[in-house]
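A.B. asks: The task is to assemble the complex, starting from two chains supplied on their own in separate frames and drawing on the hints.
These protein sequence lines map, in sequence, to chains R and C.
In terms of our numbering, the first sequence is residues 1 to 770.
In terms of our numbering, the second sequence is residues 1001 to 1160.
It is worth saying that the hints were derived from the structure and are not from the lab.
It is possible that part of the hints are untrue.
[As the list claims (entries may be wrong)] Straight-line distance between alpha carbons at most 20 Å, and here's what the computed DMTMM-like set of lysine to aspartate or glutamate pairs gives: (1) C:Lys-1004 x R:Glu-140; (2) R:Lys-747 x R:Glu-624; (3) C:Lys-1119 x C:Asp-1056; (4) C:Lys-1151 x R:Asp-646; (5) R:Lys-672 x R:Asp-127; (6) R:Lys-314 x R:Asp-224; (7) R:Lys-620 x R:Glu-696; (8) R:Lys-285 x R:Asp-60; (9) R:Lys-312 x R:Glu-393; (10) C:Lys-1004 x C:Glu-1017; (11) C:Lys-1004 x R:Asp-646; (12) C:Lys-1151 x R:Glu-696.
[Claimed, not checked] Short derived list, chain C residues pointing at chain R, Cβ under 7 Å: (13) Gly-1038; (14) Asn-1047; (15) Ala-1050; (16) Cys-1064; (17) Ala-1082; (18) Cys-1105.
Think of the CB as a built atom: it goes at the ideal place given N, C-alpha and C, for glycine as much as any other residue.
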Amino acid sequence: MSKTTPDNGFNVVGTSPLRPDGLDKVTGRAQFADDFHLPNMLHGKILRSPHAHARILSIDTRAAAALPGVRAVVTGADFPAVRHELLNQGAAGVLNIREMSENCMARDKALYDGHAVAAVAADNPHDAELATNLIQVEYELLPPVMNVCAAMADDAPVIHENFHPGAFIAPTEKYLPNASRIQLGNGDPAQGFAEADLVLEREYTSETIHQGYIESHITTVIWDSNDYVTVWTATQGQFALRDHLADIIQVPLSNINVVPLEIGGGFGGKERLYIDPVAALLAKKAQRPVKIAMRRDEVFRATGPSSGTYIKLKFGVKRDGALTAAHLHLAYEAGAYAGGPLFLAIMSATSRYNIPNIHIDGFDVIVNKPTMRPYRAPGAPQALFAVEQMIDELAHELEMDPIEFRMQNLMRSGDRLVPGLPLAPIDTEKMLETVQAHPHYQAPLEGPHRGRGLAYSIWFNIGEISSAHIQVNPDGSVALTTASPDLSGTRISLAMQAAEMLGIDVEQVSATVSDTRSIGFSLPSVGSRTTYSTGAVVCEVAQEILQQMCARAALLWETQADQVSVQNGVFSNQTDPGQTMTFNDLAARMFETGGPISYHKTGHTQSFIPGTAAHLVDVKVDPETGKVDILRYTIFQDVGKAVHPDYVEGQMQGATVQGIGMALNEEYCYDKNGCLQNASLLDYRLPTSLDVPMLETVILESPNPAHPFGVRGCGEISIAPPPAAIANAIYDAVGVRLHSMPMSPHKVCAAIREQHQVNMDAQERPSKPS
Amino acid sequence: MSNKLLVTTTVNGEQREFLCEARQSLLEALRDILYLTGAKEGCNDGNCGACSVIVDGVLTNACCMLAVEVEGSHVETVEGLASGAGLHPLQQAFLEETGLQCGICTPGFLMSAKALLDKIPTPDERQVRHWLAGNLCRCTGYDKLVRSVLKAADAMAARL
Ligand code: FES
Ligand code: FES
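This is chain C alone, in the form it adopts within the complex (with noise of 0.2 Å):
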């Protein structure tokens, strides 16, 4: 279709290759093109953080982002969390300590709190609701997501 573009990128780390509208969001692309659906419209403006993604190292609301301007990016999501070797520690913590309750955040909240430990690996909890403020979630009050993000950091200085 003409008015198609032609965007290759890396996504969790593998190459994809996809048409989009101009107009076309990342977190369009990401949902309804390449059916990565882990990450979540909450609000389509920057308000909420549920479609929180990683591109090329930079905490990004994929909402706010269009598809073509991931050209030639690295894009982490949700889906690329959990290894061959089983669940992200982060992972394993928001189930550990409930750090989910209807879970429509998670993705979001989960891929900030990577963002954080890739850059502070040992915040403390001013440090981690700092980086968690762009995140919102109605259910949990935010005590046990707190908590889940500082027991993964603290069960990832354990394995160094």
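So that you can see chain R by itself, here it is in the shape it has in the complex (with noise of 0.2 Å):
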């Protein structure tokens, strides 16, 4: 074979076909895990602590397992011990299984509102609830731990006595009875403040907030007779489910198979098990199969939202313009156990800037909530929200262009992130010389209380290990299967690339999901790793495959396998120019030419590849209710190539509204005892359409040298300029700072009254003679 890869151009990666399952999900047909049923199967239903933090003295279930149509109960005394506590995912990092196993269900302690503390499964969903409120609990309540500053405090309640420290991908130190510290750096911060002639401070605070996917967690499971256990659920990875379950309710990992259904939404909230365990538990018990399906509110109050902060800057910069040094204190909650996403927000917070003297103290706070996992992005929203307004106040104290001053402290390829690697190839001029020139940029604002602001990120996407197996059917077909679920149009971008690669329709190429038995190991479909990543090992497959079927064209032309060249899925035959012969020919007759043809690879790719978004958005302040309106919102990021341009496009836009709940609306609301107060999808405030306007998207295409077709992944990167974007805008509008997240219009206000009085008592002090 001597051509593989289209170098002028391509036939499919570029344009927008219709996805296929796409059929299926307008007309009501597409199976999610709620549509999923058995036979003879059970309904499982969770009793969960009302309390934040409290010691579990008593559980007893007997009038539960009385109640008619109750076919089981369990608690933790259920649940086996683990045996071996840390399990080592590579890439994944440093899982600890038995923290893991006692957030599905509480043992001695409930660490916070909602942690589960046993479950029932009964004939019916509604006798399942009604049993579970006959089980009585007694608690000996403790104080809860509500934020990091109250946890880092020096008198704070302990929430473990030992825990093991290790923020999500990256070791941490213990450092405090609630919290573990990471510390980078580089140069001398000292030495870089003293040379500065501007230095700010200032502190940031944000609530916790939930990933509000619309679809709930549900799971079905079977355990049988062997000791073979099946999961049917909605997940971003199966095999991270499988690994986990295993390990929980020790069983060999070959006797699972984790079959992942369609997923109404995940935004890395599920890529954490909570009710496989306890369905799994009640089935064993039972001996019927059994589905358990949160409620909303069992969503909000138990699964894995995304942590509130403290952070504390300070930055130093020359006249001209040039950053000298930077202090970060970055506090991010863990919630119940040690894990949060605090590297992933280290990694983020400033690189794009070169700042010579830069010291960063990050801390993974544990808290009486539940146990943070990722969402898009994890941790970046928070940490732009600070440093994208620091970066815009510095702009204005030294009266210059924020865009110019943006590229003078600009980092390029090759320049080292903090923790010493350098930033992977991508033109990180082009994103700000793009803004500059777009029309926005360039449009005038009118009107009252108006204002405009930008915000700029990096984000690095994730690459490790995908599996892709592909079989050529002798009609021509190709059927396309890998482990990566999709959550938003990845089996029609991965059946671009084959499509690509192998030169034929995108018609021809069928594309599924497989479960864990039929296929081999992947990480699950989170970090921006799908299209990239999958993408990769799926071009690498097609590839073999081309080989196979020119070794076999080879054969019925009697020459060499080198002899033969591939290009627009046409097969030529170099030594005898007039013999050809299409894809769809050649695989008509591979029972000819040695049977089947098909390949599966397991394979590794690349990660920390960078992306890049610039957001620009204009908005209306109310000055008396503190409202803010977005009146024109531009996304432009870089995402090396845009495999289904309308697809890339809606991950855009559908970042950026997360973004912008963040912003303005989302939020957990906490009691004084640790309650949640807003537990549904209308109290806790999800942007709904008639808060958000039309979303411009300008898409960049730098290549990433890691994909065969320049993917670098677009799902994440988004969701973190709006609030510092927004942010600045208001203070463009109305000429202040807001520090603390949500931007609410009751803090807007505050803020608004607060610098009026500031004027008003400015205006009143005698003028001094000069």
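C.D. replies: And the structure:
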């Protein structure tokens, strides 16, 4: 085979074909986890702690077990002790299985409002729910610790006697009874601040937030008489679920099969298990299949939201605009168990600016809230809310254009990131130049209390392990199977890459997502990795298929395989230029040339692939009510190569609106006892169609050398800039800086009033004679 | 069973009979008794619109209505949108304009949009946003959803 990669332009990549699975979704036929039923199936319900921090003294399940229709009851006592507490998952970090098990069902202590304490399986969900209410639990109340500052205070109640430190994918060191720490830095910050002409110090806070996927967590489990366990659920990672479940219920990995069904949103929140071990143990006890569907309030109270934060920044800059030093104190909630998104926040906080002298103090802080899990660009929006406001404020103080100021300090490919590794190739300048040249940036702002804000971000996409299998059928159709759950259209983006590589129509490729028995291991669909990383493996498999097919053609033409070339799905004999054969014709003759054609590969791709995004937003602030309206929004994002541009735009817009929700409305509201007060979609206040305008998108494509078509991945980054961009726009509109997220009307109002008071006081002060 | 009630109703033009308990919602009856799983449960308390159906011409959250209340009614669900002639223009537009990502909210949005177009055949963007405000979508940011509905309205107007 002499040639496989299209060198001039693409045939399939960059078009926007209809996605085949879309048809089932618009007709109501798609099978989501809640649509799955088994004969003889029971329904499980979970009793949850109403207290944020309490010792469990006793649990009496007798009345529940006696209720007609109840088939099984489990508590923490039914969970086996884990054999190996720590599970090393390579790039995915070291996971604490004991804590994961206790998070699914409390043992000695309930650690947050909503922590599971017992579960019931009954003939129908109503009876199961009635039965859970009959369970008597005796608690000894302990003082709750509800935010990072309280948890790090000197006299803070201690949540765990012992804990294994560790932030998501990076080790930390135990530092305080409730906190562990990472320290990173370069240069000499003291020297850097001494060289600065201007030093600003600011504090920022944010509240706990949730991914807010519209489908709850739902699972159905069979535990058969041979101890084979099968799970049908909506998950971002069937292999992660299998591995964690095996360790928690103590069944060999090969006994478990996890079948991923259609998934109704995840955003990082569905890569960890909560109810599956509970359903498994109920199924084992009842010897019948058990389905558990979380109610919406349980989703808020007891899944994996994203951290509330306390961030303190100190930045130094020279009068000419050169940043000289920075100190960042980043304290992120971990929730009930260590391991929040701290490291990813550190990676994304300042990467894009060169700061010669920098020190980052990061804290992963245990509090009495659900265990924090990734949420789309985990940790980045909170860090950016602080850093991009600081950058804007410095630019204003220096009377510099905010884009010029960023340009002056801009990190370019090869420059060192704070942890030491170089920034992989990407055109960081082009992004800012594109914003500068865009009509939105040039357009005048008309009307009172209107302002424009900008924020710029880098995010690092994950590669690592993916699997793909391609089978060519005699009719020319191609079956593509991967282990990467499709959250939003990746079956089509992977099918397109296979079609491009094979030189055939995308309609010939049907893509499916496999269970854990039918394909090799893969990391979950997280970290913007599916179209990039799984895509790269799909391309490798497709290349191998072409090689096999070249060898088949060579057999027919009685020549050597390296004498056969292929371009756009047509095989040609180099020794006899007249001889050609189409992909379909060659596929039809597979049984004359050696039998079926298929190939499977578990491949590895590079991580820390940077993606950039800049957001430009115009707002109108009502000074009476503090309400902020988004008037115009433009999203600029470098995706490397947009495989399916319509869905890339969809990722950019969807992420942005999540960021807007975070900026303006969304937060967990706890009462003084640590009980969640707004565990419903209405009270948590997701953005609706009335809260946002149309969102303009500008796709940039600076190719990623680690992918054959240059794909970088695009799913996450655009959630990060909105809070900072909106904060900067609010400042431009009404001259106040908001240091606390969400920037809800009462905070905006209070800030405006406070500033008004400052101005009044200044006016009343008698002016000194000069 | 003594505590079950017989309900007779018309679903997507077909007469249906089912037995249900008084405590069961219309959403449960559709999904768990009639196995029409197109309507989804996102909240079970009227917040998300994933369960939207049309009952006697009125857009309704099926989770907030009891099954026994549809005695003698006409219920329309997403399963009834497509006809022998093919997809409804709304379904076609959602596909073409990528008005869905994960698709869990899609049946609800389609039914809300149908209720809108039944009433206001050529809505403007504001009216579309207003009618869809009872449906939550966490994936799309609404842009392509709104465009889908506007496009379907155009397609239907062009047919008349
Ligand atoms: S499920 Fe009915 S409104 Fe959400
Ligand atoms: S497409 Fe996923 S919630 Fe709307």
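A.B. asks: Does each hint hold? Answer for all of them.
C.D. replies: Each hint tested on the structure:
1. C:Lys-1004 x R:Glu-140: Outside the cut-off at roughly 43 Å; violated.
2. R:Lys-747 x R:Glu-624: 12 Å, holds
3. C:Lys-1119 x C:Asp-1056: With Cα atoms ~13 Å apart, Lys-1119 of chain C and Asp-1056 of chain C stay inside 20 Å; holds.
4. C:Lys-1151 x R:Asp-646: 16 Å, holds
5. R:Lys-672 x R:Asp-127: At roughly 33 Å apart (the allowed maximum being 20 Å), Asp-127 of chain R and Lys-672 of chain R break the hint.
6. R:Lys-314 x R:Asp-224: Violated. Lys-314 of chain R to Asp-224 of chain R sits at ~59 Å, over the 20 Å cutoff.
7. R:Lys-620 x R:Glu-696: Judged against 20 Å, a Cα distance of about 18 Å means the pair holds.
8. R:Lys-285 x R:Asp-60: Between Lys-285 of chain R and Asp-60 of chain R the Cα gap is close to 18 Å, so the pair holds against 20 Å.
9. R:Lys-312 x R:Glu-393: 15 Å, holds
10. C:Lys-1004 x C:Glu-1017: Given pair Lys-1004 of chain C, Glu-1017 of chain C holds - Cα atoms ~13 Å apart, limit 20 Å.
11. C:Lys-1004 x R:Asp-646: Distance of about 49 Å is beyond 20 Å: violated.
12. C:Lys-1151 x R:Glu-696: Distance ~18 Å between Lys-1151 of chain C and Glu-696 of chain R Cα, so the pair holds.
13. Gly-1038: 2 Å, holds
14. Asn-1047: 4 Å, holds
15. Ala-1050: 6 Å, holds
16. Cys-1064: 13 Å, violated
17. Ala-1082: 6 Å, holds
18. Cys-1105: Check passed: Cβ of Cys-1105 of chain C comes within 5 Å of chain R, closer than 7 Å.
Hints 1, 5, 6, 11, 16 from the list above are not met by this structure, while the remaining hints are.
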